[in-house]
Amino acid sequence: MTPLAQLIEAALFAAARPLTAEELCVLDPDASLADVRTALEQLREVYDFSQHAIELVEMAGGFQLLTRPAFAQALERAQFTVRASKLTAAALETLSIIAYRQPVGRSEIEEIRGVSAGGVLRSLQERGLIEVVGRSEALGRPLLYGTSPMFLELLGLKDLSDLPRAEELSIAIQPARPLTPDAEDAAAYVPAES
Amino acid sequence: MEQPAALTLPDPPTSALGASPAFVVELEAFSGPLDLLLHLLREEELEIADIPIARIADQFLLVIHDLGLNQAADYLEMAGRLLRLKAQMLLPRRSEEDGWEDPRAELVRRLLEYQQIREVALWIGRAAERRADQYARGFLPPPPDLPPLPLQVDLVELLQAVQRVIEGIPAPVLHRVVARPLDVEGATRRLFSLLEEKAEFGWYEALGPAPTITDVLSTLLALLELARRGTVSLTQAAAFAPMVIRRDSSRPAD
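Residue numbers (my numbering), protein chains in the order written: chain A, 461 to 654; chain B, -19 to 234.
No wet-lab data here; the hints were simulated from the structure. Ideal placement from N, C-alpha and C gives every residue a C-beta, glycine not left out. What you were told as hints is all true, and nothing was included just to trick you.
Covered, in the sense of this in silico footprint (three residues per stretch, anywhere, with C-beta under 8 Å from a C-beta of chain B), are these stretches of chain A:
| hint | segment |
| --- | --- |
| 1 | 529 to 538 |
| 2 | 554 to 568 |
| 3 | 572 to 582 |
| 4 | 617 to 624 |
Selected chain A positions facing chain B (Cβ under 10 Å, derived; list incomplete):
| hint | residue |
| --- | --- |
| 5 | Leu472 |
| 6 | Arg477 |
| 7 | Ile514 |
| 8 | Glu515 |
| 9 | Thr541 |
| 10 | Arg543 |
| 11 | Ala544 |
| 12 | Leu547 |
| 13 | Thr548 |
| 14 | Ala549 |
| 15 | Leu614 |
| 16 | Leu629 |
Can you build the whole structure from these sequences, using the hints too?
Following this line, the structure appears as structure tokens:
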């Protein structure tokens, strides 16, 4: 390992939160951002090749040392760690809508889910997973919500582009199209000619 | 010539229901009316794009009725929407009429949109589970609940609360037991001075004005002692008659 990689390893071990490459640059005034990235890559390889129980994980724009998933069960059974509580179905659906539609207002979320969203939005805000990102120009200037960096940390994502793209989903949203008049009896969905 | 209006007959409401008499749903399992609707469609293996509205509306109503969901506004709104669609589908329409828009289109769009969100939610849930398998150093479990908000009271409210607490404290019931020895010697001295004045007096005279219990007992003991020594003689004219104390002249006082 290079001295810079060692320095970064020490910093990541000591820090209680993910550190960004820019923050790690401070460690060595002579090191460029590219140097830090190279050193990080080297560090990751060291952990991977020597079968370390921890790995270097990049998420929410930062780097962190995490235990490998294979040890989760043993750690939890021994009660050295406590697994984060699961999000409810309502919370997951609401997060999904916000992640894909942000900035998005409460009324749109409620329209898509078909249920009121006040309670879920409040608890997601309390958990720091979403934040108010602005106000709509619509009547009453309702609040608009977006996902927070903690949302990316919760899912272990580097950024929002890690989310599956709409076309990767098995169900692509189809535009509202009139059905044929006898569609109720016919088996096929026949879109009207445009 | 125009074709006669084609009527779409509603499904008999019992057909779908009778087919699955043991149809059991749990409200907690659904995150909303769209979820319930998707469940019903899956249950009947029906295409979202081609919903037999009459049948699904009846089922929906039956389920929310069975669940006692009459208070749940979200489900009621969907029930109303389905019934309106059911009515619209019953309206006569010309089969090749242009511009006829399927009233179900909006519902279909919403169901597909919701289904897509459900798929994303599933993906997000799995990602969160995978992430939960990894622990950072010095991992601290998140607090299970937020601490209560700091107390916000003004001085008047605080004083009033203190006052209420103080008023609620029951008055202490204290019995102070004071040892009050009988003053037999004092009573004896008083009796001697009375005997100096007169040769004979009554019991009440011996007690003095406003006697306490201690005085009564002390005087009685002193009298008995003096009578034992023969200084005085105690006589009663009859049972319960006033006691007469008389100087016993036969024997001198010692």
